[in-house]
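Okay, here's what each chain looks like letter by letter:
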Amino acid sequence: MKMKRTTVARIFWVGAGVCVIASVLYFMGMIPLPVCSALLVVTFPVTVLSLFFIWMAGESGGDIPFIGY
Amino acid sequence: MTSRSSGTDMIAELLIATFFGLLLLGIHRKIIARIQRRPGPPIWQEILHMLKFSFKTTWIPKTASPVLFVGVVLIAIGIWTAAFYVLISGGSLLVIFGIYMLHKIVEHGFGLSSGSPYSKYGGVRSVISAASELPLFVSVAVIAVYTRSLDLSAIMYYQQVHGPLLIIAFPAACAMFIVILSKMPFGPFSIVEAKELVSGYKTEHFGIWRAGLEICNGLKTYVLIAVFLAVFIGPLSLPWLLVGMILMIVILAFACAVTPMMSPFDSVTIQMLVTALMLVYAAIVLMVVQP
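One line per chain: the protein sequences are A and B, in this order. Counted the way the numbering used here counts, the first sequence spans residues 1 to 69. Counted the way the numbering used here counts, the second sequence spans residues 1 to 291.
Simulated from the structure, these hints should not be mistaken for lab results. Be aware that one or more of the hints could be misleading.
Below 27 Å or equal to it, Euclidean Cα-Cα: the simulated BS3-like pairs (lysine-lysine) are [claimed, not checked]:
id: 1; chain 1: B; residue 1: K62; chain 2: B; residue 2: K52
id: 2; chain 1: B; residue 1: K62; chain 2: B; residue 2: K183
id: 3; chain 1: B; residue 1: K30; chain 2: A; residue 2: K4
id: 4; chain 1: B; residue 1: K52; chain 2: A; residue 2: K4
id: 5; chain 1: A; residue 1: K4; chain 2: B; residue 2: K62
id: 6; chain 1: B; residue 1: K30; chain 2: B; residue 2: K62
Kindly produce the complete structure, drawing on both the sequences and the hints.
Following this line, the structure appears as structure tokens:
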């Protein structure tokens, strides 16, 4: 399962955009707190992980972990 | 605890809570080290850990279930983000403790997802340590008897009128302290991360996945300690909240430093014993407060 860095960057910008827009809309009183929170709960984890992926995404295949003696 | 008129950015609050939670974990490690006469890492070590892991090369082990392996990291951050917003909106205590319970399932998911036996044992121990939630139920019941509500805002209002629940319901505070202690690293009840299991349920989650897990741990630590202060001390201004959280982490670190990690059976036995004592206390409270 591989994903291009440009795709990850797009996911990050979409996630970050949703986070900021939700926060601004809540601040302006256009959406209630539960809606803003729900949007942030969904997008914040995706945004954080995609940001990390932009920094460092492995190109190699999967490793085989130690599975016991 | 916060309002729209305060103009505080919700994302900034979330990030500050995450980093402060990681800083608390760093203070926790430092204090344990100093008590044990070791120099210990700097207090910002957990923040550095998170950043370090985020720059590591990352992949998914071949034996892992890819969807579960990645999904649990997202869920772990998501549920504590939700808990954070329930906390700052003064929402229901039951939702926060529901999320606390959900974290057990997430830990179990971490353990099962990678295919590694160390992770699996960590996940299994996480289920065993569900006994730590039992004192939580009783302490929540006692709080409900006193305040007749489980909304954090109502509980804090009750304390403004009647004084801190830490004094009124001290045994309930002790029970919840044990619950938080069971979630702290290097503690007597930290059986899910015991050294014989390498890193327990998170053994195979490295690189970016571990960085995500560190974020979850930072948020979790912040939320649990802030909830304890809100429920047993009452509403606090930001400087006093931060002082209270640091004081709490110091007490937790002392408890972790001077007690050895128990075996899974001893850990469960003690937690069941605490539950039994709390049940007796809850029965007395019920008879006295609501005769």
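Practice problem: Output the numbers, in ascending order, of every earlier hint that fails for this structure. | Solution: Going through the list in order, the structure violates hints 2, 3 and 6 and respects the others.
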